[in-house]
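Engineer: Assemble the whole structure, with the sequences as input and the hints as a guide.
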Amino acid sequence: MTMAADQAILLATGTALVFVGAGSVGFSKNLLKTVMSFQVAVFGANLALFSSGMGFGSRLLSDAFVILSVLVGASVEAVGLAIVVVVYRKYHTLNPDEIRRLRQ
Amino acid sequence: MQSEYVALLLSAALLASVAAALLSSKVSNSLIALFYTSIILGVAFTAYGDALLGLLTMITFAGAISVLLLSVVLITGESELGFGPRRLATAAIPLAGVVGAVSLLVLFPGQAGGYVGADSSVNVLIFLWSVRPWDLLILIVVFAGAMVTIVSLLGGDDHGS
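Respectively, the protein sequence lines represent chains H and R. Note that this note's numbering has the first sequence beginning at 1, numbered continuously upward. Note that this note's numbering has the second sequence beginning at 1, numbered continuously upward.
Because the hints were derived from the structure by calculation, they are not lab data. These figures come from a predicted structure and were not determined experimentally. Even glycine gets a Cβ: it sits at the ideal position worked out from N, Cα and C. Just to be clear, a hint being listed does not mean it is correct.
Straight-line C-alpha distance at most 20 Å; calculated EDC-like pairs for lysine to aspartate or glutamate [claimed, not checked]:
1. H:K29 x H:E98
2. R:K26 x H:D97
3. H:K29 x H:D97
4. R:K26 x H:E98
Here are a few chain R residues that face chain H, going by a calculated C-beta distance under 10 Å [as the list claims (entries may be wrong)]:
5. E4
6. L10
7. S11
8. L34
9. Y48
10. G49
11. I65
12. S71
13. L95
14. V98
Structural biologist: Now the structure itself:
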């Protein structure tokens, strides 16, 4: 089964966004930037799921997965932001290394 | 052939805005770039025939999550909300209007400025209620659970100290 060019472009972009977001989650020195990187990874997953269903006649399954991904991603991000606020109130910094040092 | 150019353009815009969001040193600039990323993703979904997903993405990420991020940025004092020179912003507003109008004409060639009939909106919404109503119920429960967690995390501040 061949893949259309626009489908391949969107799939490659989505995959790249997932890897960029996941990599940035690991290397970020600010918890807010970590949450933003997670959002980028969610964007990439949504785009890859959407483009994976483009070649078929009915896209209901991929649409359902994208809606699921959007709402679960938004919920996880909201909880992550709440945790960031709680951590900032307790340690007065958003640097993970600094937080680790203050905990010891 | 034209859809490949659209895909290339949207992918380039997505990657550029993501790079701006992740490489910017100021958190507030990252927030603005992330807002544009949400908008571009919604436009991409809409351009490929799924207006419902585009609207959902824009409402959820560009609307709710961006406001939530902005609140947290303001609470934590990480904000340096300088939007650059005021003249540049004033010049960008009509340009944004022109780009928006051209995008509408390209995306909805037969409907720009016209009345979108009731049938099309019903057809969009019938996907929600005829195919997977239980999925939606589960998602609403997950979202409500997340909101309850946030309220309890932010509200239980006085017990520790």
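Engineer: Tell me the hint numbers this structure goes against, listed in increasing order.
Structural biologist: Those not satisfied are hints 13 and 14.
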